[in-house]
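Colleague: Each chain, letter by letter, is given below.
Number of protein chains: 2
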Amino acid sequence: MVFMAEAYHVDAYKVEGKVDYEKFAKQYGIKLIDEALEKRITKHTKTLHFLLRRKIFYAHRELDWILNEYEKGNPFYIYTGRAPSGPMSIGHLLPFELVRWLQEKFDVDVYIQIPDEEKYLAKKSLNMTLEQIHDISYDNVLDIIALGFKPEKTKIFFDTQYAGKMYKEAVKVARHITFSTVKDAFGFTNESNIGQIFYTSMQAVPAFLKSVEEGRNVPCLIPLAIDQDVHFRVARDVIGKLGYYKPAIMHTKFMPGLNGESKMSSSEENTAIYLKDTPEQVKKKINRALTGQQATAELQKELGGDVDKCMICQYYKYFFEPDDKKLAEIFKAEKNGTLLAGEHKARLADTINAFLKKHNQNKERMRDRVDEFILRD
Amino acid sequence: MVFMAEAYHVDAYKVEGKVDYEKFAKQYGIKLIDEALEKRITKHTKTLHFLLRRKIFYAHRELDWILNEYEKGNPFYIYTGRAPSGPMSIGHLLPFELVRWLQEKFDVDVYIQIPDEEKYLAKKSLNMTLEQIHDISYDNVLDIIALGFKPEKTKIFFDTQYAGKMYKEAVKVARHITFSTVKDAFGFTNESNIGQIFYTSMQAVPAFLKSVEEGRNVPCLIPLAIDQDVHFRVARDVIGKLGYYKPAIMHTKFMPGLNGESKMSSSEENTAIYLKDTPEQVKKKINRALTGQQATAELQKELGGDVDKCMICQYYKYFFEPDDKKLAEIFKAEKNGTLLAGEHKARLADTINAFLKKHNQNKERMRDRVDEFILRD
Numbered sequence: 001m002v003f004m005a006e007a008y009h010v011d012a013y014k015v016e017g018k019v020d021y022e023k024f025a026k027q028y029g030i031k032l033i034d035e036a037l038e039k040r041i042t043k044h045t046k047t048l049h050f051l052l053r054r055k056i057f058y059a060h061r062e063l064d065w066i067l068n069e070y071e072k073g074n075p076f077y078i079y080t081g082r083a084p085s086g087p088m089s090i091g092h093l094l095p096f097e098l099v100r101w102l103q104e105k106f107d108v109d110v111y112i113q114i115p116d117e118e119k120y121l122a123k124k125s126l127n128m129t130l131e132q133i134h135d136i137s138y139d140n141v142l143d144i145i146a147l148g149f150k151p152e153k154t155k156i157f158f159d160t161q162y163a164g165k166m167y168k169e170a171v172k173v174a175r176h177i178t179f180s181t182v183k184d185a186f187g188f189t190n191e192s193n194i195g196q197i198f199y200t201s202m203q204a205v206p207a208f209l210k211s212v213e214e215g216r217n218v219p220c221l222i223p224l225a226i227d228q229d230v231h232f233r234v235a236r237d238v239i240g241k242l243g244y245y246k247p248a249i250m251h252t253k254f255m256p257g258l259n260g261e262s263k264m265s266s267s268e269e270n271t272a273i274y275l276k277d278t279p280e281q282v283k284k285k286i287n288r289a290l291t292g293q294q295a296t297a298e299l300q301k302e303l304g305g306d307v308d309k310c311m312i313c314q315y316y317k318y319f320f321e322p323d324d325k326k327l328a329e330i331f332k333a334e335k336n337g338t339l340l341a342g343e344h345k346a347r348l349a350d351t352i353n354a355f356l357k358k359h360n361q362n363k364e365r366m367r368d369r370v371d372e373f374i375l376r377d
Numbered sequence: 001m002v003f004m005a006e007a008y009h010v011d012a013y014k015v016e017g018k019v020d021y022e023k024f025a026k027q028y029g030i031k032l033i034d035e036a037l038e039k040r041i042t043k044h045t046k047t048l049h050f051l052l053r054r055k056i057f058y059a060h061r062e063l064d065w066i067l068n069e070y071e072k073g074n075p076f077y078i079y080t081g082r083a084p085s086g087p088m089s090i091g092h093l094l095p096f097e098l099v100r101w102l103q104e105k106f107d108v109d110v111y112i113q114i115p116d117e118e119k120y121l122a123k124k125s126l127n128m129t130l131e132q133i134h135d136i137s138y139d140n141v142l143d144i145i146a147l148g149f150k151p152e153k154t155k156i157f158f159d160t161q162y163a164g165k166m167y168k169e170a171v172k173v174a175r176h177i178t179f180s181t182v183k184d185a186f187g188f189t190n191e192s193n194i195g196q197i198f199y200t201s202m203q204a205v206p207a208f209l210k211s212v213e214e215g216r217n218v219p220c221l222i223p224l225a226i227d228q229d230v231h232f233r234v235a236r237d238v239i240g241k242l243g244y245y246k247p248a249i250m251h252t253k254f255m256p257g258l259n260g261e262s263k264m265s266s267s268e269e270n271t272a273i274y275l276k277d278t279p280e281q282v283k284k285k286i287n288r289a290l291t292g293q294q295a296t297a298e299l300q301k302e303l304g305g306d307v308d309k310c311m312i313c314q315y316y317k318y319f320f321e322p323d324d325k326k327l328a329e330i331f332k333a334e335k336n337g338t339l340l341a342g343e344h345k346a347r348l349a350d351t352i353n354a355f356l357k358k359h360n361q362n363k364e365r366m367r368d369r370v371d372e373f374i375l376r377d
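These protein sequence lines are chains A and B, in that order. If you're matching positions, the first sequence starts at 1 in the numbering used here and goes up one per residue. If you're matching positions, the second sequence starts at 1 in the numbering used here and goes up one per residue.
Treat the hints as calculated values from the structure; they're not laboratory data. Each hint should be verified, as a subset may be incorrect.
All copies of an identical chain are treated as equivalent in the list; a pair is satisfied when it fits inside any one copy or across any two copies.
[What the hints assert, rightly or not] With a straight-line Cα cutoff of 25 Å, these simulated SDA-like cross-link-like pairs (lysine to any residue) come out:
1. Lys283 x Lys363
2. Lys210 x His134
3. Lys246 x Glu131
4. Lys183 x Tyr13
5. Lys124 x Lys246
6. Lys241 x Asp135
7. Lys246 x Ser192
8. Lys246 x Met128
9. Lys241 x Ser192
10. Lys345 x Leu299
11. Lys14 x Asn190
On a predicted model such as this, the values are computed, not experimentally measured, just so you know.
With these hints in hand, go ahead and build the complete structure from the sequences.
Modeller: And the structure:
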């Protein structure tokens, strides 16, 4: 018998098992965001976003350097992205919510790449044409800008539409990356297609595109989920060789699945809340969610629940209760056994549905304004 | 000892040895252009270009289908290209000269791709930036349009400038091509860079781009030198899978090097005549050229020379004497030993210099008109 308790796998195309986030960071030379760094951020932002306070955004590469440059009067820009393959879930919003907050606090430009070719190339099981993926990606863009980005400081671009600017730069990156390197980094084989082999070059470009555009070096900060770090493990040195600043990175954990998995699986729709879910769907999914509660109401009252195992508690923590005091009360009630599963779930479902109602109102309001954000060649 | 008389190698990145053109065609399922096909062409063109008469353009894929469609009222367009890496030689003009003639006779559109990233990715020994290659490629374009293309029916595009249109289509091609396939076809290894691995997808795009633009299937004819056939051995089936006509191809032999090699080597400048060569350089190179003549003037008068081994004769045949009767006279004089090397060479040098003088005058005249030909995103 092999002891598998710690086994997990994270790469750009697959996340499996229970992720050990500290171990992952250590393995790849990523630093944890410590108290000193939190204080340095807070010096500029006054408050700290709950995603940082709760160490959901928990690690980084050279975030200290980004702050050094900022303090020297050399502000950074932010680059993040979303590879469309279908509707967005709450988990997909985490990086964008942090980016929105960083833009508000540091008043910086945000570049959002929509690599509408990535899943087309890498995930044949999608069974969608490039045009179909491009079309659904507009809906993703609406979900993103509904969070409240500044139109005058936010540039969103689709790879298939913006390749006139990007391909030339991607070629420069690609020249420095061998098949051997991407084979190891992404798990490619001889049967991988030559589009997915090339793709990481396209993902690298926005990390120095502003420097290209402005003809001077501009620091770049990339908030991302840890499975995307591999692209920049490959590209950071190359970007340095091209004469640009290596981008800094902030790493978020995954929003866990409602079944307790580290990352919701897109093939199991019931393990995640989608932004398009109806109130009934939300109630149903939350009712089925894993809780940390005991087998019976009596035992729960007597022994209390486990907040780490309770996905209801975790969903409040990751997204739905930004107020730390209120979150503490919820956790306390769960631990003390005073909050029973039924009520616990019903309250979260109501909270989520209130969020989704507002989100979708914002989204509708942005429908006519989407062109203010989108760059075309 | 290994018997190497027949050994040669042709792929997109390397041509070595004495090419057996018929064997090459047979090996890859390419058909020879026979008398029946020549007659079918002549039905439309009245005359036959000397490159066809002399079987320099000697083979094809589905040229008969192109003529079928043309005769049904479904005209084709022509696609060819030039990967810039430096100044152009006479040999580089062969496909363009045929294309110019086909455009004149069939009155069809011509797409000319300038893949300014190809040599940057594949030939690091060039030691040029992508921008430097792009800049020199403008000079190549002037050499091409100096031949006399119709501006209203000729579209020239650089990959780095036209990727906004091309990348999206290249992605669709790339999805159907595995590393395994390009490894075998182009001799790539795990150390090949991911840009050159992807590149063949970009070269495939213009073979169906007009169909994409017009929203209907347009037959495409690609005149090319045989070393480029490999790109379409890979891409033709893929283009078919995407729902477009597979392109037809016409194959040219290489203009031989002045030293008698099958293809002039770009690392040995003296084995080719460049369009930028001065009259003195031309004289010097031609003086050094291999001839089929005997060791002494006496022996030459007695035994005569070998026109197949005489590069002076071959240069007349490949480009500098379009008139078959005059060519026959030159060949006869060589065979009979009545034309001695010195005079033979001096006459060719004069002919080349007259051509280059006129060519460079045409080139200068096109300098202000180049924008009429170039497509940008």
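Colleague: Could you check the structure against the hints above and give me the numbers of any it violates, in ascending order?
Modeller: none
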